[in-house]
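Going line by line, the protein sequences match chains A and B.
Quick note: the first sequence uses the working numbering, first residue 1, plus one each step.
Quick note: the second sequence uses the working numbering, first residue 1001, plus one each step.
If you're looking for bench data, these hints aren't it; they were derived computationally from the structure.
Any given hint could be a false lead.
[Unchecked claim] Listed next, with one range per pair, are the computed distances between beta-carbon atoms:
1. A/Arg488 x B/Thr1175: 39 to 45 Å
2. B/Ala1524 x A/Arg488: 29 to 35 Å
3. A/Glu47 x B/His1174: 27 to 33 Å
[As the list claims (entries may be wrong)] In silico negatives: residues of chain A with every beta carbon more than 10 Å from chain B:
4. Ala41
5. Val54
6. Arg152
7. Ala156
8. Ala192
9. Leu193
10. Ala195
11. Ala398
12. Thr455
13. Glu510
14. Leu519
15. Gly535
[What the hints assert, rightly or not] Which residues of chain B face chain A? A few of them, derived with a C-beta cut under 10 Å, are:
16. Ser1176
17. Leu1262
18. Arg1282
19. Arg1285
20. Glu1289
21. Ala1365
22. Arg1368
23. Ala1372
24. Tyr1400
25. Ser1404
26. Val1452
27. Arg1474
28. Gln1476
29. Thr1480
30. Ile1493
31. Val1522
Glycine is no exception: its CB is placed at the ideal position from the N, C-alpha and C atoms.
Number of protein chains: 2
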Amino acid sequence: MSTDHLPLEPTAVAGEMHPSRWGDPARATALPEAARGLVEAVFGLDEQPAVADVVVPRSVLAPAHLDALRAAVGAEQVLVDDATRRLRTRGKSTPDLLRQRAGDLSDAPDAVVRPADHAQVAAVLAVAVEHRLAVVPFGGGTSVTGGLAARREGYAGLVSVDLVRMKRLLAVDHTSMTATLEPGLRGPEAEALLAAEGLVLGHYPQSFEHATIGGFAATRSSGQSSAGYGRFDALVVGLRVATPRGELRLGSAPASAAGPDLRQLLLGSEGAFGVITEVTVRVRRLPAEKVYEGWRWPSFTDGAAAMRTLAQAGLLPTVLRLSDEHETAINLARPDAIGADGGESGSASGCLMVVGHEGEPDLVAARRTAVASVLTGLGGTPLGEEPGRAWAHGRFDAPYLRDSMLDAGVLVETLETATFWSRVPTLYDAVRTALVDALGEPCLVLCHISHVYETGCSLYFTVAAAGGSRSLERWQVAKTAASDAITRTGATITHHHAVGTDHRPWLPTEVGELGVSVLRAVKADLDPTGILNPGVLVP
Amino acid sequence: MSTDHLPLEPTAVAGEMHPSRWGDPARATALPEAARGLVEAVFGLDEQPAVADVVVPRSVLAPAHLDALRAAVGAEQVLVDDATRRLRTRGKSTPDLLRQRAGDLSDAPDAVVRPADHAQVAAVLAVAVEHRLAVVPFGGGTSVTGGLAARREGYAGLVSVDLVRMKRLLAVDHTSMTATLEPGLRGPEAEALLAAEGLVLGHYPQSFEHATIGGFAATRSSGQSSAGYGRFDALVVGLRVATPRGELRLGSAPASAAGPDLRQLLLGSEGAFGVITEVTVRVRRLPAEKVYEGWRWPSFTDGAAAMRTLAQAGLLPTVLRLSDEHETAINLARPDAIGADGGESGSASGCLMVVGHEGEPDLVAARRTAVASVLTGLGGTPLGEEPGRAWAHGRFDAPYLRDSMLDAGVLVETLETATFWSRVPTLYDAVRTALVDALGEPCLVLCHISHVYETGCSLYFTVAAAGGSRSLERWQVAKTAASDAITRTGATITHHHAVGTDHRPWLPTEVGELGVSVLRAVKADLDPTGILNPGVLVP
């Protein structure tokens, strides 16, 4: 019954990503011939080869800047070569990739510096303050909201602070079940270090293979198993942060009434308040068993109601996802998405739910029985473990497919939001309608519920439409329409992708002008000269 | 099996508290004769009758101030009589009570104003800004950390903003399982309104009968059933706050990555950033069953290890408390604390644990069995429901006993903290030693673990020592020693009593000078003229 599909071994740690594609270049795939035919039939092929041999803009840093940075981190850790700077340009949103593909490297940093520890990060910030350099903290480079595209006007240069050398497991407390990690650890690296101690963090966003501990904290990340393990902000018990005004060390107890929870002010601060240099997280014992299974629902509404019942009964499994009718149909059409019983379920309509349980075998068994009893009672049909296995197998692969679609000239992107249960139908309809209206037919809008709470859930949309050379401008129109629809419905502009620069225009609607004023006040206090990720997060 | 001891009926809502005693005057009790003898034998009797007919300082408000306040809330809602102002003087810490008993009413507000809604609160703040009046938000008046003792120097007067008229249940969302409550609702009032909808909030601090929804939010309160229902900060999904710079409305989704969680910056803000005017909370269905039972452990260490096991296995009951050997002995010596099997357990040594389960009968039964299995396996002895019933019966009564002890001249006070599991023994010893050293023998220090998390727990200490006319100064010495011991150990200065003025000196140690600077920056932004609860929370 135990099925461990997670590529958690240290060997799974990926290297540098391609500057205009996702992930490990060795895992890039062309569209299968059948899919290519489908894409051509629906959208038309309008292949967009990336511009080759793009020149990276010249670094504007003066010798004095470089000398000061070298004094802070060591000469060999200040890199100004084109290849390194190209790889630290922007993140991995579709607009980011489209710009890189079109040869626009205007956001390339002037230098990449690689501090070894907290003290060196602090030294870099001091240099940046003195020389008025903009600083962009860089973890896995997987931002999909423009979080790495800082403003450079008004600065003497822009420096990417790459945390790639800060990869230590600093402390493990087996009694308190906490671990202190450095921010540069990628997901699989952190899990490998913890696994050697018999522990697991349990944080698996789609970017897991590349994203880092520091990035999870800075963006309030949520993972595919967060129903069971908790969102990253719930996993963090302590933070150490380097700021231009000194160090913050937060987290003296599991819970406290000693004023506002300042940890929750740094979580989600996206490099605009400081650079996170240590993260102390709650850990669990490595699960002895993992089982993922599929359930079929007559409709998205039925499946969502079942999720709500589980959450409000305190019966959440470790993984709980529900695809709408559109996403289910696409998923079932992919030959690798359904296993042995694919023929039967592939022909069925309705919606696919993935339910996963991780933990000790007896607890997994008990919970699985209890959850199955509720789901069966509410009209769900069990599909066995094959759909769960298929989901687990491909859980980190969607961004590779996006690259293939972009190659074919199809505009593909995702966006997500969250709301309270009573507003889910309104939000779902509003975002779908906004996207279809903005992009026109043919337009494919898929949705799944990716995270579930007692009081509500998140909706994760995938959009595909004809794009070709107009992809970037078409996406910007669609993104604006969807974001307007989200805020009009009273939902959050982002449940787990952060604000970056892309969501910044909608933040005042969400937290109010006064909320933005508070963020500005905090930033002004911690970063009085405004060197930290200028223009990111704070409008 | 079902045992509902909670006085949750609307009739349980208490009226005004006595200015220098806890709670409902009708429930005040003299020390039982046996206890009186014990107190005399241990500490000596040094009865301290309260000073009678204390004159309340004259209100310093000018007619123009009063007119402006009357324009904001209506003439009949601006009260300057002595009785009303006496009842809004300070909170209910032992130093607060000792000062009132000694006739010191120097902290009495100059006026008590009673706004009816958010708009009137905003209007009062505008008047306060214009006339430079200090504003103290007043809910249940149960602060035990000097949270109502604002600084008045530099202000034209001090106004208590009594939220007693803001007691509406504004909205219920049965689908999302949320409710929006006004801040002036006391615990039993809120539960009665929710019970009429079949819902429960489940927040039962010891101050439950008097404390208010706004106070729970402003102080990051934690309740006796928070293991099951969650701390108050975890129950809050939305807040509306009136500030001198306008309104904050926070909480667009169950969870969000749209920057830092500003809700968590207002929770615990203790009236220093704004006045909370609406609180949207997660609610649950009224539990059909409640059962509380006792368990005996050979030692505090054994019991604490069992709690840790339950928390880390994800098996927390609704209520989980463990008294140390000293508290257990005192508890068992009280004839009303043990029921039918009291003879047997009363003669036993060791430590008493209370385990409570609330919910649907089948879930209660399943969880009870699972918890009992773990506890038995770890060496716990079940004592049946009588000790649980006794605890539930007296769960809100300790402050009445304190009054009786203070009458007898015995210094009695409580303090609490929290830390990670691995530091619990060090913290426990450090605080005990600090208290005994500061107060000298005879000195009774009792402790229980009041709240449990995966990564740690809170320790709640009760201290009794000879005091008499020197009670106030002796307590200040002991409180300082205990607080120094707490921060030296790296624990939090308060797990659920807030900072107020009493814990303020230790806040910089806990969050750092830079953390304090951030709090100052937020306050300066929201309250630029500094009228809100001056001197509370922010050092």
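Hint-by-hint comparison with the structure:
| no. | hint | in the structure |
| --- | --- | --- |
| 1 | A/Arg488 x B/Thr1175: 39 to 45 Å | violated (20 Å) |
| 2 | B/Ala1524 x A/Arg488: 29 to 35 Å | holds (33 Å) |
| 3 | A/Glu47 x B/His1174: 27 to 33 Å | violated (52 Å) |
| 4 | Ala41 | holds (37 Å) |
| 5 | Val54 | holds (32 Å) |
| 6 | Arg152 | holds (22 Å) |
| 7 | Ala156 | holds (26 Å) |
| 8 | Ala192 | holds (22 Å) |
| 9 | Leu193 | holds (19 Å) |
| 10 | Ala195 | holds (18 Å) |
| 11 | Ala398 | holds (19 Å) |
| 12 | Thr455 | violated (5 Å) |
| 13 | Glu510 | violated (5 Å) |
| 14 | Leu519 | violated (6 Å) |
| 15 | Gly535 | holds (14 Å) |
| 16 | Ser1176 | holds (4 Å) |
| 17 | Leu1262 | holds (5 Å) |
| 18 | Arg1282 | holds (5 Å) |
| 19 | Arg1285 | holds (8 Å) |
| 20 | Glu1289 | violated (15 Å) |
| 21 | Ala1365 | violated (13 Å) |
| 22 | Arg1368 | violated (14 Å) |
| 23 | Ala1372 | violated (15 Å) |
| 24 | Tyr1400 | violated (24 Å) |
| 25 | Ser1404 | violated (28 Å) |
| 26 | Val1452 | holds (9 Å) |
| 27 | Arg1474 | violated (25 Å) |
| 28 | Gln1476 | violated (20 Å) |
| 29 | Thr1480 | violated (17 Å) |
| 30 | Ile1493 | holds (5 Å) |
| 31 | Val1522 | holds (6 Å) |
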